[in-house]
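Take a look at the letters that make up each chain.
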Amino acid sequence: MSRLDRGPDKKRNRGVGSLLADYAVPVIFIVISVVAIPLSDFSATYLIQELLVRIGRNSFLILSLLIPIMAGMGLNFGMVLGAMAGQIGLIFVSDWAVVGIPGIVLAMIIGTPVAVALGILCGEVLNRAKGQEMVTSYILGFFINGVYQLFVLYFMGWLIPISNPALVLSRGHGIRNAISLTGIRMVLDRLIPLQVGTVTIPVATYLVIAAFCFFILWFRKTKLGQDMRAIGQDMAVADSAGIPVNRTRVIAIVISTVLACYGQIIFLQNMGTLNTYNSHDQAGMFSIAALLIGGASVSRAGIGNVFLGVVLFHLMFIVAPKAGRNLMGEAQIGEYFRVFVSYGIIALALVLHAWKRLRDRAEARRSLRGPAGKE
Amino acid sequence: MPEVPLLKLENIGKEYFGNRVLADVSFSLNRGEILGLVGENGAGKSTLMNILFGMPVISGTGGYEGNIVLDGEVIRFGSPFDALAAGIGMVHQEFSLIPGFSAAENILLNREELNKSLLETVFSERLNTLDRPGMRARAARAIKTLGVDIGVDTIAAEMPVGYKQFIEIAREIDRTRTRVLVLDEPTAVLTETEARILLDALRKLADGGIAIIFISHRLQEIKSLCDRILVLRDGNVIRDSDARSASIRDIAAWMVGRNVEEDRPVRAGTISDEVALSVRDLWVDMPGETVRNAAFDVHKGEIFGIGGLAGQGKLGIPNGIMGLYPAGGTVSLFGREVELNKPRKALDRGMAFVSEDRRGVGLLLGERIDWNITFTGMQVQNRFLKGLPLLGNLVRLRDDDAIAAESEQYIKSLEIRCTGPAQRAVELSGGNQQKVCLAKAFSMRPELLLICEPTRGIDVGAKELVLNTLRRYNEEYGTTILITSSELEELRSVCDRVAIVGEGKIAGILPAISPAERFGLLMMGDVEDEGAQKEAVTGNA
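For the record, the sequence lines run as chains Y and S.
Residue numbers for the first sequence follow the numbering used here, so the first one is 1 and each next one is one higher.
Residue numbers for the second sequence follow the numbering used here, so the first one is 1 and each next one is one higher.
One chain only, chain S, in its complex shape:
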């Protein structure tokens, strides 16, 4: 007789405002089984987990389709607390520990052991004092289950990141009811040894009967830990496979899916041997996109792509080079070092930047299109200004004629759809706003153009136009372009070489025509071997 699965998802679907993010997802999970869940960003993993966990964001946007069956009973959680009560525990990517609390206090947060007292009957349980020895013993027990040795009195703020992850898991274990444990990229911040200890601990928990859903981008770990693998792509289950029989290469191919289109336009631009941008030992303190140690060279006339999963640091690289976030290391442009942390220095050296934060950093939303286009040129290069007669350059005024001429030209060449140069930027559609940003960068006549997420939030037609514009600009002026994008396909269609960033480092650099699965493997933390990497950095492969 087949065992009744502990957790069963039946035909789960979800739409956000008419945008389908999950379709017909079904799988089941037995006691003591470890399921690896893999997929690219936007494949629907987080939405699936949010549904399972009863997050308010799901019910707030119209609920979901299908059924979740836990232990033979259909459940529909109203809040994460219902999920916890039903025995579903979740360890999030970002730490949720109270920094000044000890390990024991954090593990038992809001589930403390209390001493009984009379005040409890008069007021509430909250006036009972804490039973510290009891708490310590309980916490020590939970930590011991994991097979690690962490003092229960260690303060969370003073722990290495690896410890914090274990404390989070110990917290879920301490809930006596926890039957399903969801871990969202638990090993992302761990060293190899720590990750190994964690995997051992998870195996031990599973042997004790807890079912585990393990989300990770590291395919090696998925393969060595999990019993089964579920691959999601674009909201659909692509594969539900036995972990032992699937090879890492297979999994990567299932994840990335799409095959390279062979109709890639032939490039007319020339790439010289001269190195335009050279980056060494770069670190950038960009919140959520920390760059730890990046090194690469970009050749003059090249279109260089930077890809990788969200949060790995790809956006930090251009933002750090432009001086928008605290950064260190060496960045040289045509052999001369660029001073970091000072956007003005980067602009002076002939770098132009199109930010991923179009509405925040990219545009002066409330101002006219023509002012937006010429603003940086005016500030940095003293263009679009005229001196007063007699006074010479002592007092300079805006040169409206020059501004009009410049913006008319870009409105025409980039097909910016607007009522005229005087329209305010806030009134434009996303695609047209992006074109204004590009016009602003082009108007600087840069030596090096850094562009982040050029097609984010714009419709398909506009996407094509933006990419074509970049390609044309590169061909006509020989401008070196650095594109950072979450969309690998886009990078592969427009770039010469693509670097994949993982955990704040360059995981590898490949020619854009390499097969998709090689990029997929890099994204999954399968770093190219050292020799190949050296070659790739300098581009002499």
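So that you can see chain Y by itself, here it is in the shape it has in the complex:
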């Protein structure tokens, strides 16, 4: 056997600046938290309790973002489509007064076909907008929001029978702005009660999330997962190897949309109230912000990023209003801060991503140069 005389290229020497850019976002948040926690004067048990609740509430939604990232489709802003599907399921379940775990399961069963249909639509649209997935799915979310409002605001109670008058607006059709989900409120969280000191742990929810994590780990090992990774890194090469690119991308979006539907149901059972016209809006933005804060990028995200992100993002949510009031005498500053930060982080992540792509491309070209280029 002959050994090639050239060793592997030297590990790229990126320097501190580049390394910092890769982890800039989580580092900023850790610093903010370290400063804000003492300022807020919250007790450790309070913080832990709040965090446990929020991790249970949000993780599933954020996890639903991972598969499209793997398939190279970026951050799936279209996950709000799934959230809407979940809410439609919840509206029917409330109307029919199915309570407890059966209510949640039924909501999921109703939401699934809606989410699959929306996911296929979204996937097909994104296949026609390759390279522009994020902005397309973002705008598609607005469009489908209009369709959702048409159904919920006009058709429900008119074309679609809604029997419970408590759900319907006084004019006779359309769903009320806020629906109290009393029948299914925290049923999953309290299914397996566990109390450690004064801290309550929503064990069942965590088990569902753990199951989801194992699903993702398993999925990555499948042929389908491998195909998605290939497509994510180089669509042209994957295509020439015979991988059905378009179909696989649709599958990735459908999986994400269906999981976002379940995630929204889990989120809302914890909240206990459904804001018919707003709940889904925030689902996308806050999930994506949390994932990015966890150190994910538009092209790379793992389970670790989800949990680090959810902890850092929500830690800031909890402490910022109180810290704001203690520091500035105004709680509003915290609320302002969290919206400001969500959008800011997403913008920063997009810029960093574009910059990294340019840098990688320049580096790839540099390797083609001869001795004259090695300065």
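Please keep in mind that the hints were generated in silico from the structure rather than gathered at the bench.
One or more of the hints may lead you astray.
Straight line, CA to CA, 30 Å or less: simulated DSS-like cross-link-like pairs of lysine-lysine [claimed, not checked]:
id	chain 1	residue 1	chain 2	residue 2
1	S	K8	Y	K356
2	S	K144	Y	K221
3	S	K116	S	K144
4	S	K116	Y	K221
5	Y	K221	Y	K322
6	S	K116	S	K300
Please read these numbers as outputs of a predicted model, since none were measured by experiment.
Given chain Y, put chain S in place with the hints provided.
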């Protein structure tokens, strides 16, 4: 009894929109035989391989004539996947590896080993998990066939280019059915040692019964590796010869073909000893035309040609000098260094540029001819402007009279066929657009004129006119001109000296009157010996 050839091409022909690119190409290939396919750019090699591989571009443009017979059966592939299924593998020039995947994952891309599971029956095979150990073993086997030692877990992005080439070939070998392997310039990116290992590996594969079509511009390799050589020129088979009996000089002559016309006009211009442009250690990051290390001198009043095959970097040189792509090294004009990466600096120093990308970089397509001609002069030299009365040069307006005078003059002298100076550039024919580009450059009254592909995409009559214009301009004004062109004949007819670029370096510089085969040899990677090269660089030969 003669052996039935594995692959036989019978009278293959192909036309693209009435333009014949292949005519009556026939050859056959036996098991275990290595066929070297050589020819200049545009000789029809790629079209031939596209036909063999069932590329959609062929069926989309009206199919092809003739028959391909594989193992005694006439075949007509609808897509590359049909070709793969029939056992024809292809290793392309550009790498098709997934950067973040390991060697094993890339070799078995979409042909992974899977663990069986119940989900397969319910959904599809794609829900089976990958059998990583199985994949590793299979990949290692394929790599071993090649006789190299590459770890199956090495990530493609971290491999040196040489490794990548081997991984691509290993991928084709792993297909158990591969009977014919086509390699399109596999050694172009390899070091000498790597290339040698690759050639050994190919020989080993051929001994195992695989037939190989080897496309390369390096004639040395063709000669040492191949059993037979097929030379294509202008879509025709010029020679189908035994590799052992043909000399490299013969092959180069067959490829380039045409003999020098002796009616080359006598030059009236004078070339001084003064060096106008001096280039040292130049590298340019132009995608697809990377320049790695170029050095040459151009004398004042000289017409200097840069030739070479596509993708070797000849276009990168003028584009890099003008600052249009990231570049480094030293470029001096009349002894003073020119700042790179800033087109404005190059323009300020009296260099004018006619881009090969006429419609993209060369012209403001939607604007009038006269504005196109005067635009750079206006921007860079503040000409064709007039101050407002009283305000002096604080506010300056377009001087339409000056613009009209200038453009009328060029429209007349270059015979630009148009309805008038107000016609939009997009409405002109290719040849007339090119003349507008030249007028724009001439209007700058440059010290040095850099022209890329002056006759690309224009008809024969216009070609002659453009070249004559360049020659006349050089004679009248003594302007130094650097012409980059894919057409060697054109360079040899108009230039004083011609440099041939190969693999991003100057392979050699020859007087334009040198015999064609010497240029052919340079293009084929036969670098002139060091001493001659030194002399050629400075032009004191």
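Any of the earlier hints contradicted here, and which numbers?
-> 1, 5, 6
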